[in-house]
Structures are given as C-alpha cells and as structure tokens.
Amino acid sequence: MTSQHPAGQARRLLRPVARLWQSDLVWSFRNTPYAVVSLALVLAIAVTALCAHWVAPHDPFDLASFNILDSELPPAWVEGGSPEFILGTDTQGRDVLSLIIYGARLSLLVGLASVVFGLVLGVGLGLLSGYVGGWVDALVMRTADVKLSFPAILVALLVNGVARGFLPPEMHGQIAIPVLIFSIGMSGWVHYARTVRGIVMVERRKEYVLAAQIVGRKGWEVALLHVLPNTMSPVTVIATINLATAILLEATLSFLGVGVPPTEPSLGTLIKVGSEYMFSGIWWVTAFPSLLLVVLVLAVNLLGDWLRDALNPNLQ
Amino acid sequence: MQWMRTTGLSALAVAGCLIAAPASSETLRFAASGDAASLDPYAYYTTFTSGFLQNVYEPLVRYDETLNFEPALAVEWERTSPTTWRFRLREGVTFHNGNPFTADDVVASLNRARAENSPYIVATSAISDVEKIDDHTVDIHLDGPYPVLLNDLAGVLILDREWMEANDTLRPVNPSKGEESYATTNANGTGPFMIESRRPDAETVFVVNPGWWDEPEHNLDRIVFTPIKSAATRVAALLSGEVDLIMEAPLHDLARIERTEGLKVLSGKDLRVMFLGLNQGAAELNASTVKGRNPLSDVRVRQAIYQAIDIDALNQKVLRGLATPTGILVAEEIQGYDAELAPRAAAHDADAARALLAEAGYPDGFDVGMDCPNDRYVNPDQVCQAIAAMLAKIGVDVNYTSSTKSIYYKKMLSGGADIYLFGWASTPQLDAYALLNSVMHSKDGSKRGKWNPGGYHNARLDELVEQIQVEIDMDKRQEMISEAFRLHKNDYGTIALYRQPLTWAAKQEIDALQLADNKIRLWWITKN
Amino acid sequence: MLEVRDIHVEVEIRRRRLKVIDGVSLSLARGETLGIVGESGAGKSMLGNAIAGMLEPPLHIAGGSVTLEGRRIDDLKGEELRAVRGRRIGMVFQDPLTSLNPLFSIGDQLVETITTRLGIGRAEARRRAIALLEATGLPDPAERLGHYPHQFSGGMRQRVVLALALCLDPVLVIADEPTTALDVSVQAQIIRLLDRLCREHGSAVILITHDMGVIAEATERVAVMYAGRIVEIGPTERVIRAPRHPYTRGLMASIPPIDRRPDRLAQIAGSMPRIGTVLPGCPFSPRCPSAVARCHEAIPALAGGNGHLAACWLDEAAS
Amino acid sequence: MTRLLPFMLYRLGQGVLVMLVVAFISFSLFTHVGDPINNMLGEEVDETYREQLREDLGLNDPVPVRFIRFVGNAVQGEFGVSYRNSIPVAQLFGERLPATLELVFAAAVIALALGIPAGVYAAIHRSRPSAQVIQILSLIGISLPTFVTGILLIYVFSISLDLLPSFGRGEVVDLGWWSTGFLTASGLKALVLPAVTLALFQLTLIMRLVRSEMLEVLRTDYIRFARARGLPDRLIHFRHAVRNTLVPVITITGLQIGSLVAFAIITETVFQWPGMGLLFIQAVQFVDIPVMSAYLVLIAFFFVVINFIVDILYHAVDPRLSGTLSDGSGKGMP
Amino acid sequence: MSADRQAPAERPLLEMRDVARFFDVSPPWYQRLFGGGSRRVLRAVDGVDLDLPRGRTLSLVGESGCGKSTLARLAVGLYPLSRGSIRFDGMEMSVRDGSFAERRTRRRIQMIFQDPFASLNPRWRVARIIGEPIRVHEPGTGEAERRSRVRELLEMVGLDADAAARYPHQFSGGQRQRISIARALAARPDLLICDEPTSALDVSVQAQILNLMRELQEELGLTYLFISHDLSAVRFISDYVGVMYLGRLVEWGEAETLFRNPRHPYTRKLLESVPNLAEPGRARTPIAGEVPSPLSPPPGCHFNPRCPLAMAKCRTDTPGMVRTGPGGVRCFAVEEETATA
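Protein chains in written order, with the UniProt record's numbering: chain A, 1 to 316; chain B, 1 to 528; chain C, 1 to 319; chain D, 1 to 334; chain E, 1 to 341.
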C-alpha cells in the first residue's frame, strides 16, 4: 500500500456507500414513496421512543410526580384540558403523551426482542433440520407441528402460566417482560424454521455448497458460512412482518391479563386499559395509543411488504 | 329467649299465595359479570351463587329490606336451651315440583349442608344435630354456645328431601371424582321463581312460581339472566337496550349511563370493606432492598402509610365518589359494627407521614412490594396504582404487581406480598366474628388467622376473639368486639380504606331494591 | 405473410429505457421455416414474444410494426390481441413440463382451448384432440387424454405442447428453444415432428434456438442475432457455409467439429455487451477481430444480394 | 387410493402421537398454574376444609399419577368434572363446542369468501390504485388488536346504529345435541359482529397470501402458454391460476383455522359468545384444570383433524399427489 | 491396460473397479406398510470399470439419467460407494477415515460444475471464493500471500486481478466458469472433475472455456474427468471416451477410435443423432423411443428395446464388457461379430 491521496482514500471509503446507494434494493426503496414514508415513521417512532427519557414531557414511572387529582384531563385543545398535558391524562393522572412514548419504547423492545428470539431459535432449528435432515429434521418438524396446534395466544398463555408456576411469586414482577418476550418469540419460531428449512433443502443441493464440501469444509462450516447467509432475505421479510404481529400479540396478551404490568405500560396495555373507557367519553386514553399502534404496525407491515417485493427477483 | 320477630304471619302468607299475582307479562333481562357456578346451593360458597339461588331456594330465615332477619320457611324460633334452638316451620309451602315442605326437608337439607364434601360445612359447623319434632317443627342442637346461628342459617337454602332422594343427591358432590349431581343442573326450591331453562355461562331463564307462599311484590313473569364477562360489553348491552339491568356496572361508565335517556344508575354501599394488608410479622420484606429489618413491623411506618393515603382524592377520582371511606373493617349493617370507630384513624397528611417515617428511621423512605388482584373488587388496579403514587410522595417506593386472582391469592396467602389490597364483606353471616377470627387473629396454623398472612399479632386481641366466639350475651359480645376493633385500629394492623361501591344500572322503568350484600332479589323488582 | 418492420423493444428499468431489440426487420412467407439463432442475451426470445404480442411489462414495443397476413398486429389490445394468439400464431416454449398446467389433464387443456377458441362442442373438440395427439405420435391418445402432465416423459410432453400450439391451426408457429430441455436422442424426434406437423397444417415456423445444429437441420432461412439486432440473414446453407458477418464466422468457428480434433478452437474474445450498453458503432465492434475505425463510429445496415444480407462495414455488399 | 390410504393412516398415527405429546405438555403445565382451591371457596372457609378438598381433588398426588389418570380418562372421553361448574367437562364442551364451531365456521367463510377474491383481484390488477388501496386497507384492519376492533364494532353497530346485538348467540335451536344459531334470525344477527371481528385478521392474511401466490402463478410458463393460446383472461385467472394458487393456500388456511379457534378466546370474551374460548379463559382465571387440559387436547384434536382434511384436499386438488406413479423419465437423478 | 500389470509409475491416476451407486427411492415406510409397496432401488451407477491415465482427459457421455453425473460425484467423494472401489493415485478412496492423509488426497481432486450461477456463493466476493481452498488446506498462509495467490489464479484463468473485489453476479456466465476453475485450481489439484462445465454456456464462450481447459492441462499437467452430453465438446477435449446408458458403461476407448469406429449400437445412434453442420438441411436419424426411466430399466441389456440389432439374448442377459484394445464394449452383437471375425 503506497501512500494515498486523502481524497482518493475518502473516495475509496465512500465507494461501498455509493455502491449501496446505487444498489437495486436502495434504488427500489428510494422510488417507493410508501416505503420511504413507512421507514421515516418507524424511525421517528423508534427514535422518539428510544429517547423517551429526554423527549417525554413527564416520567410516567415516577410515581411521586403525578397527582391523582390531575386524572382524566382531556387533551389540551379540548375544553377542560391543560396545556401541561397535551394529549390529556389517564385515570391515574399520568400524561398520555409521555405514556405512549414510553409505551412505544416497551412495545418496540418486546416486539424486537421476541422477534430476535424467535428468529434465532427458528433459523437455528431450520438450519439444523434442513441441513442434517433425517430424524433430526423429522423431530424438529413434528415439534413445529405440535407448536402449530397451539396458536400464538395459547402458547403465550401457557408459557406465562408455567413461568409463574415455576418461579417464586416474588419474581413475577421482574419476569413479566422476559416471559412475554419468550412466549411471543416461541409463537413465531416455526415460521422461520420452516422457511429456512425449505431454503436450506434447496440451497444445500446447489453446486456452491457441493463445492465447499469438496474444498474440504466441515458440515457445520458449510451450513454456517455458505447456507445461512443465503437464507437471510426471506428471513428479513418474515422478521419485519413478525415484528408487527409481535407488537399486536403483546397487546392481545395484555387484554388477557398476561401482558406487561400496568405500572410500566406498553402500547398494548394502554389500549387495553383504555378500551374499557371506550363508552365513557374518556376517549383520549385509548385513542392516542391506538393511533400510534396503528401507525407503527401499518408502517412496519408496509415496510415488510415493500421488502418482500423488492427482494423477490420475479417481481422486478 | 322469647319468640323472635313474628311479622310475616303464616295466615297472611297462605292467603297471599291464593291471590293471583299482579297482572303483568313483563320479562326482565339482566346481566352480571359471572354466572352462578352451580344450581346446587351447597356446591360453592360464593356470594353471587348464593344470591342467585335465593331466588329459587329459600332459607329458614331471610333478611328483610334493612338486612334484619325475618321469617322465611320458619315462621318462628326460640332457644330452648343454651345449645338447642327450635324452629316452627311454615305450613302450606310447596316445592316447585309440588311436594309439600316439611321438617324432613329441613333435616335432610341441613345434613346435606353439613356433609363431608360440602363447602357449607363452615356455615353449619356449630350444629351437632338436627332433629325432627313433628312435621313442622325441628330442633337444632349445637356443640356449644353459639351467638350467630341465625346468621348462618340465613345462608342455608332448603331442598326437597324426596327430590334429593329420587335424584340421588342427598350429599353434595366431589367434582374431582367425576361425580355429577342432578342438583347441579336442576333446581327444585320453594322460592318465588323457578328455573325454566339454563345453559351455564350463557343464559338462565326464570319463570314465576305461581304457588309461592309469600305475596309477590314484583310484576315479572319471566326473567332472563345472561352473564357478560366483559364490562364494556355489559354496558353496551344496556346501552343498546338488550338488557334491562346490569350488575357490577363499571364506575367510569356510570356518567355515560346517567346521561343516556331511559337509563339510570342504582348505586349503594357494598358490605365489603376494602383495606390494605401489611406484611408486618416477617423478619424482612419480600420485595425490598431494606434487609435485616422490616419497616412495616413499626407501627409508625404503618401510620405513615395510613396518613399518606388521600382517601378522599382516591374516592373522588378512582371511585367517582361512590365509595364510603371508613375507619372500621365492617359495614354498619354488620353485627359488631361500632359507629365510634368508624371515623378515620388519622387524617391524610403527607408531611406528618414523612415525619413519622423519619422518626422510624427511614428519612428517605424505603421500597416495598405491593400486590393487587386485577379481576376482583371494584377498580382494584386503579386504586392500587393511585395508592402507590401517594406512597411515592412520602418516599415509599412501591413495586407494584397486579395479577389475576388465582395467582394473587396464592402469592398473598403464602405471605409473598408486602402490601396487598383485600376486602371483607362479612357475608353471609353479617357478623364481625369471621373477620376478627380470620383477618385479625394471629395465624395459628389451622382455623384462625387464615387471612392474616401479614402476620398482625396482638395477644389481647387474640384472646378477645376466642371469647367472642362463644359469648351469647349480645351486649357483652359487642363490647368485646369493639375493643378488638379498637386495638386493631390503634395498631394500624391493616389500613382500612372504604366501603366498596355497589353499582347497578338499569332502564328507567326498572324499580329494584338494592341491598348492601349485593345479592339480587328478583322478587322486589318491578318493571313498568 | 409475416412482415416485421424496424421493430424496437425496450424495457424500463429504474426509469432508464434500455433497448432490447433495436430495429429488427424480417419477413416470412407462408409455410416457410425461419431460424433465429444467437447467444443468450441477443434478444431472440424477445423478438419471438414481440411478434406474438407476448411481451410482458415492463417490456414493450417502442417502435416499428408487425404485420401478419396484411393486418397490423403489434398494436392490438385485449380481445383483438387474443384473437390472434393461438388462432393465428401458435407458440411453443422451451420447457414442456412447466408449459402445461400441472393440475389439469392434458385432455382438459386441449379440449378447453378448442372449445373456447373454435366454439365447437366438447365431444367434437375431444375427437379433434385425439386426432391431434395421434398425429403427434402419442400412443393411446384417447386414454392418455385423461392423464396429467406429470405422467408423461419429457418428449411426450413436448408432443402435447405441440398439439396445443397447433390445435387452432395457426398460420405461424413460433417455437422458442423447443428442444433445449430434451435429450439429444429426443431432440431429433421433436424437430422432425415440428417440421412435419407444420407442413401438414401449412404453418410457417419461426424456430428460435442457440443451437446451430438444429438450425442447420430444420430451417430454410436463418437470421443471426447479436445484441438486439440481426447481423446476418439468409438461406441457411449459405449462412452456414459462407458466413459474411465476422460474428457469424466466429460463431461457426467456435463450434467444435464432430469429425476431427483441432488443437484449438477459434474463439471470440470477450462477451456480449450487457443490455443497455449503448455503442455508437457496430455492437460487435469491441469483439470483432477485424474491426476498423468506422466500425466504432456508425452502425452498419443489413445489405447484400440473393436474400443473403449482413450488417457489416467490412462486407463487400455493405461497403 | 392406493397411495392416499396408507398416507392417511400414517398421518393418523402421527396425529395420535401429537395428541399424546400435547396431552402430556398441557397436563404437566397445568399442574403449575395456580391453586384452584381459593376460587372454589370464599375467603371465609377455613384451612382444614381446604386441605381436605385439595386431597379429594387429587391435587396432592404426584404428577405422573395424575397424568396417567388423565390420559386414561381422556381416551374414554372422560375429562373429569369442571371445578368451576361441577359439570362433566365432556358435557360442558358438548354445550360450548357448537357455539365456537359455528363462530369459527362463519369467520372462516367470511375470511375465505372475501379474502380469496380480494387477493385474486389485487394480484390481477397489481398496479391499479384500487388494488393498492385494498392492500393498505387490509393492513389497517389488522393494525388494531382484535379486542379493540370488537369493542369498536359494538360501539358502532350495537350502540350507535342499534342494528346488531352486542353479545351472546341469540336464539338457538337444538338439533339433537347440537345447538345452532344458524336457523333463527336473532341467531344469525348475533353471529355477524363476532364473526366479522374474528375473520378480519384471517381475511387479511388470506388475501395477502392469495395475492402473492397468485402473482407467482401468473408468472409461470403454463399461464404464459395459456395466454399464448389466446384463452380468455377470465378462464386463465379464475380457472387456471386460482386453482394453482389454492394449493399452498389450502395449507395455510388450514393452519389459520387453528388460530381462529385460538383467537376466538378474545372474540368470545368481548362478545360474551358462549363458546370454548370463553370457557377456557374463565377456566384459566379459575384454574379449572380439567377444563384447561381438555381444551388443549381438543385444540390438538382440531389441529389433527384439520391437517387431515387439508391432506385430503391437497390430494383432491393436486393430481401429482395421487393416482398412478409417473411412468416418464422426467424424474431427475437425486 | 489392466491395473495389476501396470508399473507404479504408469499406474492410472484414477482407477474405478466395479463402481456402483444405488439410491433408495422407496416410497415412505408407511406407504410400504399399509399400501403394500416395495422397496425400490435406483441403480444410478451399476458396475463401472474405468482407468484414467495421468495428465489425460476421459470423457463420459450419455443422456439424462445415464449416471454420468453420479459417477463424477462418486469420484470426488460426495457420495459413498454402494459397491466396488475407487483408487486415486494408488490410494483407496472409498475409505473415509477423516485422516490427514485422506484429506490431503481429497484435496487433490477438485470439481467444476455445470451451472455457473449456482456454483458460486452469491454472498461471497470472488477473492473469498477463490481463497477458500487456500484457507482450508493451507491454514498457515498469510493474508497477503493468499491475496497474491488469488491474483495469480485469476490471471491464470484469464480474468483481471480487480475481479477479486467483486461479487459473482457482476460476471457473465463464462467469467463465472473461469472463477470456478480458479477456485478448483486454488487447491492445487491433480484431478479435475468437470461436470458439464460448458453446457450452460453459449458456443462462443464454450470455446473459450474449452481452450482454457486444454491450456491449463498442458501447463499444469492436470487430469480431467469430463462429463458432458455434448459430443462435439467431448470430441474436442478428450483422449478417452466412455459412453454410459442407464447406469452402465456400454462402451469406452480412445476418443479417436471411438468417434471413427463406434462399436456399440447406442454409441453409433448417439453419434448419428448429432446434427452435422457440414451438411445443413440433412435430417438426422433419431433413435426410436426415449430413454426409459432409470427406476425400471429394461431387463437384459438396457438398450435392447431401442436397439436395431437386439436379439433374444439381449432381453434376458446382460452382456459383459468385451475388451477391444485400450477399451471395451458391452454388446452381444459386437461379441458375436468379434467372435466370427
């Protein structure tokens, strides 16, 4: 390496970025308005949620900070509202805006974590199943069948019940979220496993895999180095759509009483609690979290849709 | 003892049944959150089930509109010895199937209630024997002096012996052994209504018992009951006119219901008094970073918690002003209530509370766990969260857990909860003894202190409770009860909060009498 | 009968219009067999699809015309286009397995085509289908009518496909690599069958293939395509024996001979430009061993006599 | 048939195995869910009696003993007696099953009857704005949790418009042991809101699935070949393409029906629909172990049955799976 | 040229003796149990004897299902043998013991595949693809050295050095096939198994690859086992040719002899079915019928139903390999002919 002109070096460093910018995927993205809007929304929500601590006007976890006498204030622009609480307050006197910011954070956290959990489990099992085949495959796939006979809600209810049963009651408060992540993740792994297995069954007969075997790679090296990366596009698509489902499932589970605790509300819990007030005129308690959830789920789904179309060679 | 209240004269009653019921053809549709667990009066010992069934079955003694005793299937009673009571039974009463009501039915019913598997053994444990004297007289023999027999008997409904024999249901069933009982799905009482059809958890239809011995004050001829678990749906059903009356109307929807033309809210005070239990007996708290000592063992800390709670704000905001703050754990209607003890023990005063904490050695407060059920009581979650916020203001940092009742009970009863929300209705006996015995008496492993997992202990109080159990002089008994309550109050053994509100909602044309025991008495409902 | 005039096919990718076929003209007489040969990416399949109106978006005809029996067919839409497909122009695709709907019996597919297009009854259509299958040499046609595509071998399937393509008596059959997916021994059978059937039906044939051997065997005239253009067209024998375009020459020379073993094959350097590469001159010029300056500057037109035309500046006829 | 029958027997055996595993899992899980005693008795009952009841219920026996007892009984259709209702579980299920099955059936019909055409439309007219609007609308429909949708529907259709009942099944007609709401006007009216609520999610899923499968199919050679033969679009889309699309759709739909049964838990709670889901959630809250275990076994049974039906449908739709073996040489080397 | 009489130095690099590979294609067990189906075995390769002299090219030709690709994969060790033995440079290859010696020997056999699109991992850069064998077999090699090896290899196969930084999809089919060859060469092999390396390529590109292969053979002294159905390409590349039909080797010998004087009726028919460019317009004479399913090959000589010379014996008995010079043929008709001659 001879000494390089700094500008040349910068150009060299920027080249991959430029290539990425020019790549089909990014090009398709740039030219799909709904994808751009969706991503912008998701990012905006994610960033706001991530910075909840700095962004939110109030801290809904600071019990000392809210006053029961402020409860059920309507949004600021409605008569009786207070400018201090732009979107009004809930029945506890907590600021709805802050609640949904923190709620979105928790929902995203639970959603992402459960997706990652389901993904790692599902991709791992799918890879194993597809690559090893034989009885391992049979075992994994039959397990998947059994799992499928228990739809997501049931699995979550079960896992939750078991976790609460096995662990001492003192721990219930702390385990609520991990249990939630685990149970939502558990409900999603089959999808990944089946997809990855399907791809692996195709890929492992492809010549580049044979070539790696002939070159002398061990089985697991071939599986991890060669096969795994080639299953990632569909997995990404599933993960995106799964994220939306996971966020919704979390909301549904809180309806069944096994969601996150109401003191640290997620969007789902907020909606669940708020939905009880649907007829009573305190609409803002449920309307705003619902709106945010709809926007979030819709944006993530649209992003998934776009990704699926963009990664599908047949559609180009 | 003289004959007690002999108001409802049998002659009049017989006449009443001969007169045709008020001309009407009204159907009442009502809904509650759950269904009766069974049609068998002795299968489950829960308020809703017994309230539901007393429209079909009747006890020997029932409560009148002011929750005082009045004759039902017994017309008069007297204590013939310290351990024997004699009951004269009403004549001319028939069961829905036409069988006449006699002493045999009372003997068989009480024996069934006392049988091995029966949950009603609690309400009949004082009885040692039931003896038929003649067709319309029975003697009830007791193990020892027992002041609240009538209270117990008011909860025991009478079945038909022949019917039980014919259907092989002389004793209550054990579900785990796969036993089914005819009585679970069929009913044959003497009450004002008969079950026409029933699909558990879906719909129960009552029709009028034309042969009822009492004079009907209702104008219904058909009642359709539907359990609707979801509160929102229950309200929706009322708002859309699909039902005439709902029990357990959610507080936050009451305003909306009142605003709606043609609807009204029926609210009252429930017998149930809500309070916070405190884990004061343990060496350390479960969910606290304070180790080596238990802050709640210190009465100053307990008082501080008491004073931190702004009960009026809680009532106004969370309970819509419908609750009744109180300083005593029983309602006025309960035998043993003492009006002197009803005021709050100390006023809401956060500064004082902080000072108390500092005095007790917690100037910066401490952290503590708190558990509440989320599917029992009125607005439990909101109440607890509001309390947690109030405690936070004096530096007590609450780790709040809300869970479904089965999990909550398991944790709470095992002593796993530091602060827990709990309520006691003193039903069905309407007497303070059970509360004193179960909640205030220290835990002794078997019979006493069962619901005192917080480990409150006061030797004098324990002693009093044991005396109250057998004291039959009602004045002396009341004195002892008052003393026990006073001790408990001064110890801040629990944090008494309020009498729970009782909220029904109905169409304007419904007139219903709502009693504090939250049991629906269909025979007092009219629809215009 | 068929007249293709200066046809252009473009595709829009990322808002850029790329030329796939760049001004192709050719004509075909009734009953004639024309081969179109070229390497992958030369645009030969696109040309076939453009003629048959089978281009799928984003591909589209950007200029020129296609006239069949005196009627313009390149701008037809909907019903009118449908009336041409199958009825006037039949098509055969490369893979006989994927060309047949796996969920319908071959009888279903044949009878359906005949009844909906010719408006005749099912019984009559069935009779025709059997006759047609018999003509393709399928044994037991009546019985096999109820069989599904997966129950046939590759060669048999291609016979069925031929029957389907010819069941409406089209005047032109466009066969796009009809033998590529087949074994060598079956290839010859199918080529002969195609030849015979089209003769019987009086259909003209456009045979699209990359295989010079097939061209040599089955066509009367051949058009050689390179990068979206016809570089040489003429009677098959003349084109093979005396190619005039350097590309055709290179192509012929690069085919290993079957009767001797040379030390080295002639090879054309480099590879075909990617679609969308715009060159000012002859598209073959970058690879052409004998290219001169002019080749890089202007595109030569097809020229020459006796129906043997080449597009090359170095060809005597052109210059 | 020669290939179908053994396959079915095999699947049946597999189904039995699945059910055994499910039975074991569900049973062993439930031994940890909570203590039913506190729900069966009010607060006022004393401890000796509690312990007595616990003993009577067999809750103190070791888990394997209880499991064997459970399976033994289950095989005879005996799931014990509900702790909550004191009614044999089998009888309870007998009463509740028709409600859930009718709800699920109605929801599945709605989902399929709207989802398939919508998906086909969206695929055929992929680039039309109307198709894209359908795509996005369908997503909005599933961006709200089911329970919110349910309550919203009640608000609009029961309270505001007063068109449809907000809860229950309406009048039912008993046909032997089966009680149906399909035969009365009020039964049908009562079915609308819950069925729509339940169907919404599946509707979107099916629509999207059909769309993407259809897009794949429309790109295949045989569709191109059918076009090249000049077959009308109607025939190509609705005969050729739809049928090929259905093959994968059948599987997914089969699995989705399973989740319809599960999601019925929510719908039934919101609409007080007297079905299995409501029973189950009440059982969970009450720790009604016999009901919970039986429910899970039943769910597994549904799954097995649905899979079975899907397999048969598969064979009916796809000739490649049944009948004679290929006699061609099309089969490549492994 | 029987193996035992060969002096070690002249010993063929690859010796196959009675090589067979069967695949179990039975219906699933439940199908057999309940439906009465039986086990079915696909005899993909059935008793092949072949020698491949060092530095020469042996081609295997045949139509689909003849087992040529299976044989190639057997040679490279992707499948275990069902019967027989393969010796490479005197070493028994059917033993898989994972030993150092075995791995070192296996390295010396590399393979080039048919599909230039599927044979390169689309997610890897070319440098990593070509560097992989070096990484695996010479783990001590430094980064820089590996990079320069990769550059050398790229140049050797006629690609620019800057190709290393790119992904496979940025190359044309011919260029990818060059990358494939470079990867194979990176392991420093003696034997290259080429499974239809040019059949997915256009003729002009095929010519480039075939030329390259011959150049490399001369330069590096490589030995090729070349699999193809394209007789022209085979004619160009081969020193020896084997013709396979339904799992059996029906004829083999020196390429020159075989092309000039094919003995087996199938070989003759196959050669006749190749269109001859020298005589455009002349129709070929197709072989009647199609290749039967390898699952149920005809009894006796597999070719008998399509054979113009078939006799009664052909339908029942399997002819043995008759040695003719450096090669052989399996045909009763040829046997009789030779006997009478």
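Keep in mind the hints are simulated off the structure, nothing from the lab.
Please note that a few of the clues may not be correct.
As the list claims (entries may be wrong) - With a Cα cut of at most 25 Å, we get these calculated SDA-like pairs of lysine to any residue: (1) K206(A) x A293(C); (2) K218(A) x L256(A); (3) K218(A) x D49(E); (4) K206(A) x A278(E).
To be verified - Pulled from the structure, derived: some chain B residues nowhere near chain A, Cβ distances all over 10 Å: (5) K132; (6) H252; (7) A342; (8) D375; (9) Y377; (10) T404; (11) E466; (12) L487; (13) I510.
For every residue, glycine included, the Cβ atom is placed at its ideal position computed from N, Cα and C.
Hint check:
As the CA atoms of K206(A) and A293(C) are separated by approximately 46 Å, the hinted pair breaks the 25 Å bound. As the CA atoms of K218(A) and L256(A) are separated by approximately 48 Å, the hinted pair breaks the 25 Å bound. Under the criterion of a C-alpha separation no larger than 25 Å, the hint pairing K218(A) with D49(E) is inconsistent with the structure, at around 30 Å. Restraint check for K206(A) and A278(E): the C-alpha separation of about 38 Å exceeds 25 Å, so the hint is violated.
Every CB of chain A lies more than 10 Å from the CB of K132(B), the least distance being 50 Å, so the non-interface label holds. A beta-carbon of chain A is positioned within 10 Å of the beta-carbon of H252(B); the least distance is around 4 Å. No beta-carbon of chain A is positioned within 10 Å of the beta-carbon of A342(B); the least distance is around 24 Å. Some Cβ of chain A comes within 10 Å of the Cβ of D375(B); the nearest lies about 7 Å off, and the non-interface call is violated.
Every Cβ of chain A is farther than 10 Å from the Cβ of Y377(B); the closest lies at roughly 15 Å, confirming the non-interface assignment. Some Cβ of chain A comes within 10 Å of the Cβ of T404(B); the nearest lies about 5 Å off, and the non-interface call is violated. Listed as outside the interface, E466(B) is consistent with that label: its C-beta sits roughly 32 Å from the nearest C-beta of chain A, beyond the 10 Å cut-off. Distance to chain A confirms L487(B) as a non-interface residue, since its nearest Cβ pair spans about 30 Å, more than 10 Å.
The Cβ of I510(B) sits about 20 Å from the closest Cβ of chain A, beyond the 10 Å cut-off, so the non-interface label holds.
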